[in-house]
Amino acid sequence: EAQVTQNPRYLITVTGKKLTVTCSQNMNHEYMSWYRQDPGLGLRQIYYSMNVEVTDKGDVPEGYKVSRKEKRNFPLILESPSPNQTSLYFCASSYRDGWGTNYGYTFGSGTRLTVV
Amino acid sequence: AQKVTQAQTEISVVEKEDVTLDCVYETRDTTYYLFWYKQPPSGELVFLIRRNSFDEQNEISGRYSWNFQKSTSSFNFTITASQVVDSAVYFCALSEPYNFNKFYFGSGTKLNVKP
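From first to last, the protein sequence lines stand for chains S and C. Residue numbers for the first sequence, in our numbering: 1 to 116. Residue numbers for the second sequence, in our numbering: 117 to 231.
Extracted from the complex, chain S is given alone in its bound form:
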């Protein structure tokens, strides 16, 4: 089944304790992104990647790191989490075909992170 898999689904952690949220897609998609969703603020892009070893900042990158060493994986790293990073996080992947058609994002199931 074509999908984007995020782990964990739920995570409670303490301020300052480094954590990684994993994201993997099995569709051979070039493009991957991380979003956070907060009440009243909608979906905001954290980082995105155009392909292996190519990443760039989205709208709210502060406090996050990413890497894209393999096409299928795009982990989100919080080096020193703070309570304001409590949020619902989504990983997503997409691709375009030879005609340039943008097929839109396939989203993972989400990771609900609480930082206390």
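It is worth saying that the hints were derived from the structure and are not from the lab. All values derive from a computational prediction rather than experimental measurement. Hints are supplied without guarantee of correctness; some may be wrong.
Chain C is faced by these chain S residues, among others (derived, beta-carbon under 7 Å) [stated by the list, open to error]: (1) Y31; (2) S33; (3) G42; (4) L43; (5) Y48; (6) R96; (7) N102; (8) G104; (9) F107; (10) S109; (11) G110.
C-beta atoms are modelled at their ideal positions from N, C-alpha and C, and glycine is treated no differently.
Could you slot chain C onto chain S? The hints should help.
The following block gives chain C in isolation, referenced to the frame of chain S:
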């Protein structure tokens, strides 16, 4: 600048009613893509439809239909004979033509369908 506006924050209907969710977008690009996503109470984001700016044909998929009008920069979504399972938050989104990673999401419309 790119922008997507979903003016309806929340809509409540009774089952079997028809309901239209509005989406208005702003872009200076002549080529772009528009999307609708559904977020049910379980939280995941589910792709519903993609439309490119050159295709103004309306689309129908079962009880769902979409009306794309470039003249008014709108991409509205209608659910016919709504069901309780349609209760969700619906997001409209616009993507840039050359940066496929850049999506502009609307703030979402929460649809409550009551039995």
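To see whether the hints hold, each was checked on the structure:
no.: 1; hint: Y31; in the structure: holds (5 Å)
no.: 2; hint: S33; in the structure: holds (5 Å)
no.: 3; hint: G42; in the structure: holds (5 Å)
no.: 4; hint: L43; in the structure: holds (4 Å)
no.: 5; hint: Y48; in the structure: holds (4 Å)
no.: 6; hint: R96; in the structure: holds (6 Å)
no.: 7; hint: N102; in the structure: holds (5 Å)
no.: 8; hint: G104; in the structure: holds (5 Å)
no.: 9; hint: F107; in the structure: holds (4 Å)
no.: 10; hint: S109; in the structure: holds (5 Å)
no.: 11; hint: G110; in the structure: holds (5 Å)
Every hint, counting from the list given before, is met by this structure.
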